[in-house]
Structure formats: C-alpha cells, structure tokens
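**Q** Take a look at the letters that make up each chain.
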Amino acid sequence: MKYVIPLALFVVLVVFLAIGLGRDPHVVPSALIDKPAPDFALPELRDPTKIVSPKDMRGKVWLLNVWGSWCVACREEHPFLIEIARSGAVPIYGLSWKDKREDALAVLGELGDPYVLNLSDFDGRVAIDYGITGAPETYLIDKNGVIRYKEPGQLTPEIMKDKILPLVAELNR
Amino acid sequence: MFCDHHTNILKTKRFFLSLVLLASLPGFSLAKEAAPASADPVLEERVMKLSKELRCLVCQNETLADSRADLAEDLRNQIREQMKAGKSDKEIIAYLTARYGKFILYNPPIDPTTYLLWFGPFVLLLGGLVVLFRYVKQRRELIVEQPLSADDRLRAEALLKTVPDKETA
Numbered sequence: 017m018k019y020v021i022p023l024a025l026f027v028v029l030v031v032f033l034a035i036g037l038g039r040d041p042h043v044v045p046s047a048l049i050d051k052p053a054p055d056f057a058l059p060e061l062r063d064p065t066k067i068v069s070p071k072d073m074r075g076k077v078w079l080l081n082v083w084g085s086w087c088v089a090c091r092e093e094h095p096f097l098i099e100i101a102r103s104g105a106v107p108i109y110g111l112s113w114k115d116k117r118e119d120a121l122a123v124l125g126e127l128g129d130p131y132v133l134n135l136s137d138f139d140g141r142v143a144i145d146y147g148i149t150g151a152p153e154t155y156l157i158d159k160n161g162v163i164r165y166k167e168p169g170q171l172t173p174e175i176m177k178d179k180i181l182p183l184v185a186e187l188n189r
Numbered sequence: 013m014f015c016d017h018h019t020n021i022l023k024t025k026r027f028f029l030s031l032v033l034l035a036s037l038p039g040f041s042l043a044k045e046a047a048p049a050s051a052d053p054v055l056e057e058r059v060m061k062l063s064k065e066l067r068c069l070v071c072q073n074e075t076l077a078d079s080r081a082d083l084a085e086d087l088r089n090q091i092r093e094q095m096k097a098g099k100s101d102k103e104i105i106a107y108l109t110a111r112y113g114k115f116i117l118y119n120p121p122i123d124p125t126t127y128l129l130w131f132g133p134f135v136l137l138l139g140g141l142v143v144l145f146r147y148v149k150q151r152r153e154l155i156v157e158q159p160l161s162a163d164d165r166l167r168a169e170a171l172l173k174t175v176p177d178k179e180t181a
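Chains as they are written, first to last, in the working numbering: chain A, 17 to 189; chain B, 13 to 181.
By construction, these hints were calculated from the structure, which means they are not laboratory data. Misleading hints may appear alongside valid ones.
[Stated by the list, open to error] Straight-line alpha carbon distances no greater than 30 angstroms define the calculated DSBU-like cross-link-like pairs of lysine-lysine that follow:
1. A/114 to B/64
2. A/51 to B/102
3. B/99 to B/64
[As the list claims (entries may be wrong)] Now the in silico label distances, taken between C-beta atoms and shown as ranges:
4. A/118 to B/120: 37 to 47 angstroms
5. B/117 to A/126: 35 to 45 angstroms
6. B/73 to A/52: 39 to 49 angstroms
7. A/174 to B/115: 24 to 34 angstroms
8. B/142 to A/174: 39 to 49 angstroms
9. B/126 to A/125: 47 to 57 angstroms
10. B/57 to A/174: 46 to 56 angstroms
11. A/179 to B/57: 15 to 25 angstroms
12. B/119 to A/98: 36 to 46 angstroms
13. B/125 to A/26: 23 to 33 angstroms
14. B/125 to A/67: 35 to 45 angstroms
15. A/27 to B/125: 37 to 47 angstroms
16. A/96 to B/119: 32 to 42 angstroms
Beta carbons: idealized from backbone N, C-alpha and C, even for Gly.
With the hints as constraints, model all of the structure from the sequences given.
**A** Right, here's the structure in full:
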C-alpha cells in the first residue's frame, strides 16, 4: 500500500516521457491547415517569363513540394516523387526554395523531373508565407485552394498510402 | 607550433599598430568600419528587440535574434521590411503566428494549451505542501511524551556533574 502512490507517480512520469520523447521536436504543427493557400506570383523555373499563381491550379487537387538543389533530404526524396508523378495519382508542383536557377535545372536534368512545373522562390519570401521551416516539405491543396495537409519532411510510401492518397481520393470526389 | 604562434602575435601587434597609426590620420575614423546592417539604427534596434521574442525554427532553442540560420535571416529581413512598411510589432507577430503557429513565440503565451506548463509547478508545490503537512501531523501523533522516572533523573544529574567546568562554561 505504501508503494502505490510513488508507483502511480512513476507510471505517470513514464507515460509523459514516452509521449514526449517519442515526438520529433522538429515537427511543428502547421497553422495553415484548412486555411487558404497564401497567394503568390512567381516566375516559372524553366520559363521565367511565365508568372504562376495558385489560382492557376484552381479546380485541381495538387501537391506543393518545397525543395532545393542544396538539400540532401530532397535528393533522397526525389526518386519517390518521380514514382508518384509516373503513377499519375496527384500532380506535383515544385517550389524551388532559395536556389539558383541553373543549380535547380541541373538537378532536374540529372535526376529527372517529377514536377508539372516549378516556382522560383529564390529569395525565400513565399516560403515564409507558407510557414516553411525546412526542406523538403509538402502541402496538399484542394480544388478551392485550401491547404488540407502538410508533411514536414520527406514523403514516404507509407505517408502517401495512409494519409495523402485517401485525402486526394476524398477531395477529388 | 610555437613559432607559428609567435609570429602570429607579432603580426597581430603590427596589425594593431598600423590600425592605431591609421586612426590617428586626419579624417579617418575606426567607428565607420562597424556600420550597422541597415542604415537606420532605430529600426535595427526594433528588429532585434522583436526577434528576441521569436523562436528560430531551425535551431529551436535559439531566438531569432541569436540564430545564424538562413531561415532566421530571411525572417529577420521579413520583419525589417514589414516594419519599414509601417506595421506594428503586434501586426508582425500576428502575421508570423498565422504561418508558424504559437510555436514561434519564444515566451509561451498563457492559453488552455499551456496551462499545465504555467500552473503545473504550482500544483506540484501545493501537492507537496499537503503531503508534507499530513506527514508532519502524523508524526506528531506518533510521538508520546514519557515522563522521566526518579531513577533516570538521578542518573542524568550524575552524568551532568561529571562534565568538566571548562566545557560547561
């Protein structure tokens, strides 16, 4: 009986630590879920004379993938993006973040291009508007231009299968 | 190694000497070298003051003011621009929390999600006090005073008498 209270306190502590330490501190919950995707007007990467805005994607469910040629994790993610693009499940638009045009184009030439098109956010202004904390990050945006999901890190087959694809199916209905 | 170090010191000395000589030249001021990042020191101070209240999202235990991460620099630039555009500190904080959430605030605000953080320690303290009082009360009840018997009194007096005067003084 004497040990019940300390044991109970210990169990509570263990539960708190298990939850707390199991979390990735770099995963900051996005404040933009279910909010309209911030507007922008950015030059396209391949053809900088073409200015693209999220309004151009109205009526589509699409992924916005933030990447940079300087980002190692993006390079790791790249083959999977190509796989998604091949499957035709959902179109991927790239946000070329804090990059140089020739470097970004070189990566696409070397590893292949999974993007419908790329937006050049070389000074990182739009990235701040989207609350980006690092690359890669991916947003799922619905037909009305509302952000429905954010993956703060690499896309994996598991995340795609369990979270994104079901949402895409639901939003396309 | 030692030699390298030594020549380095000599070089440094020479460097400072030339600096002093340069500074003594008319029209030359050393202070000019440490020009602030922006031409407006008042604005710069405001930027730094606000960025001390904000969290760097890359190295999360640093404030935006202390961090040298690229993103922190971009965010400081953003703050600087918005200040130049005449936005108040409150408006800028609202802009940033709308995008990065309350996480960006280095000082956590008091709201339902942080009640445990702010008031938890006081609850623990109160709990500790309750346990302490109960324990002390319980102990007090356990102590039963026993009157000294006549024999014990005599023994105690005898013992006290044997103590040398020096120590009792």
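**Q** For each hint given before, does the structure comply? Return the numbers of the non-compliant ones in rising order.
**A** Structure breaks hints 6, 11, 15.
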